[in-house]
Amino acid sequence: EAGVAQSPRYKIIEKRQSVAFWCNPISGHATLYWYQQILGQGPKLLIQFQNNGVVDDSQLPKDRFSAERLKGVDSTLKIQPAKLEDSAVYLCASSFDLTGGVIAGYTFGSGTRLTVV
Amino acid sequence: GNSVTQMEGPVTLSEEAFLTINCTYTATGYPSLFWYVQYPGEGLQLLLKATKADDKGSNKGFEATYRKETTSFHLEKGSVQVSDSAVYFCALSDPASGGSYIPTFGRGTSLIVHP
Chain Z
1 EAGVAQSPRY
11 KIIEKRQSVA
21 FWCNPISGHA
31 TLYWYQQILG
41 QGPKLLIQFQ
51 NNGVVDDSQL
61 PKDRFSAERL
71 KGVDSTLKIQ
81 PAKLEDSAVY
91 LCASSFDLTG
101 GVIAGYTFGS
111 GTRLTVV
Chain U
1 GNSVTQMEGP
11 VTLSEEAFLT
21 INCTYTATGY
31 PSLFWYVQYP
41 GEGLQLLLKA
51 TKADDKGSNK
61 GFEATYRKET
71 TSFHLEKGSV
81 QVSDSAVYFC
91 ALSDPASGGS
101 YIPTFGRGTS
111 LIVHP
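So the sequences go chain by chain: Z and U. Quick note: the first sequence, position 13, residue 13 per this note's numbering, numbers continuous. Quick note: the second sequence, position 42, residue 42 per this note's numbering, numbers continuous.
Be careful, since some hints might not be right.
Claimed, not checked - Below, simulated DSS-like cross-link-like pairs (lysine-lysine); rule was C-alpha separation at most 27 Å, straight line:
#1 U/Lys-60 / U/Lys-77
#2 Z/Lys-44 / U/Lys-68
#3 U/Lys-52 / Z/Lys-44
Since the hints were made in silico from the structure, they are not lab data.
Modelling step: build the complete structure from the supplied sequences, incorporating the hints.
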């Protein structure tokens, strides 16, 4: 089975610019997660989708971050405008459903490494 | 709220040494516990899991036992290899967390194995 696909792998932008990341989860996985992983730290959840609806976005900085999953399959995470502290790896993960991750774990993509200069 | 605490790294070992990475947790309900591994430049991969007290998860020679009485899930391996060098993350997913089952991760422990 194909894994979670993410693009681009790397991105370097200047502060105040905008950037977008794309994620295609495993086929049939209803639940999709975006995580931010700052160097030396564990992943921090930004937003969780169930199909095309948001389940939890309480830790998403909504003044600059947005995410959508319009058709309930692939998803886009956007930052506008970017700040220096947004430099991190952005990971996408998926699970069969909300409880599937508890039972079987989560499948992660390779991530997008963002550097804001 | 839920939290996961891991021992700080890096942990540096010689090949064939015994490995222990400590992990303790706090949770509202009865969580499932996981260990994930992250190789350089890659995403996290599920290494093993345990869904209830006294369960032992195992994979690729790694083991961890869900200890409810000590709220711990320590990762062990009897004989490490150079290829085990990676960052290891302990995580929990708590069904009591408002029904969203969002996983909570520790900060990660870097393991470096020398030949």
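Index of numbered hints that the structure contradicts, given in increasing order
Of the numbered hints given earlier, the structure breaks none, since each of them holds.
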